[in-house]
Amino acid sequence: MHSILKEIVASKTAAVEEKKKLLPADRLKELCAVKKNVKRAGLYDALKSSGPNIIAEIKRASPSKGLLTESFDPLAIAKTYESGGAAAISVLTEETFFLGSLEYLTAVKTGVSIPVLRKDFITEVYQLYESYYAGADAVLLIAALLKADALRELFRVASALDMDCLFEIHDEEELKTVIDCGARIVGINNRNLNDFKVDLSVSERLIPKVPKDKLIVIESGISGKGDINRFAALGAGNFLIGETLMRSADPKSTLRELRT
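Heads up: the sequence shown at position 189 corresponds to 189 in my numbering, and the numbers run straight through without jumps.
Some hints here could point you the wrong way.
[What the hints assert, rightly or not] The list that follows gives simulated cross-link-like pairs (lysine to any residue, SDA-like), each with its CA atoms no further than 25 Å apart: (1) Lys-214 to Ser-201; (2) Lys-29 to Arg-156; (3) Lys-6 to Thr-96.
Simulated from the structure, these hints should not be mistaken for laboratory data.
Whenever a hint applies, use it, and build me the whole structure from the sequences.
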């Protein structure tokens with residue numbers, strides 16, 4: 001089967017190699033050391049309240065939906081999200097398929113006080129350091145991309161850099177892997193990254209299997225308050241929402257409606 005995920009990862013790997021030529025890993029680490037006293041906003045702490053807590057996503061485009069908005073001002077969007085009561089902000093930084101940029105994340109971080117999550121396809125330590133330097137408070141780690149040892153190492157380095165990790169899963173095997181790695185925040189993605197189809201029954205099936213001491217984030221396919229109530233009744237208190245907010249004519253009001 002044709003896999004969109006494989007295409008994205010291949011593209012991302014090539015892009016990271018080009019970045020390393022411009023900014024070698026040793027130099028990047030030196031730049032990060034200068035920022036070691038900059039306090040990171042904790043994603044875990046932001047999601048601990050009873051909720052529903054919304055991680056509001058800034059996403060310009062996607063492989064499945066194309067361009068989501070013509071006018072795109074990440075900082076203005078972020079401020080709107082924060083004023084609407086978002087618990088945190090996710091910034092899509094993948095350049096080719098989602099038209100994202102780390103520069104968007106840096107811009108967002110200058111204008112909000114809530115945690116900022118870097119959402120991308122992270123497969124190596126270099127990307128953690130560039131996330132840190134860009135200002136990320138947390139990073140997404142996708143279980144489908146990596147073996148357990150690699151996930152564990154990325155988690156270790158991210159934690160050493162004071163960045164929280166949102167571990168993304170799509171099935172029971174991946175859930176076991178991330179729990180074994182020490183995940184505190186488990187994101188259940190209703191979207192199959194191989195074909196980008198959404199199936200909300202994925203969350204219904206997996207929520208009861210997540211240990212009670214973990215925070216659950218539901219990702220993809222949340223289009224209204226009914227979806228939030230549906231999963232909250234099963235024990236999920238946190239929701240990552242992108243397309244619904246990006247397409248909304250009044251995202252602040254939409255956020256408030258989703259939260260009440």
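Hints and how they fare:
no.	hint	result
1	Lys-214 to Ser-201	holds (20 Å)
2	Lys-29 to Arg-156	holds (16 Å)
3	Lys-6 to Thr-96	holds (13 Å)
Figure legend: structure checked against the earlier numbered hints; every hint is met.
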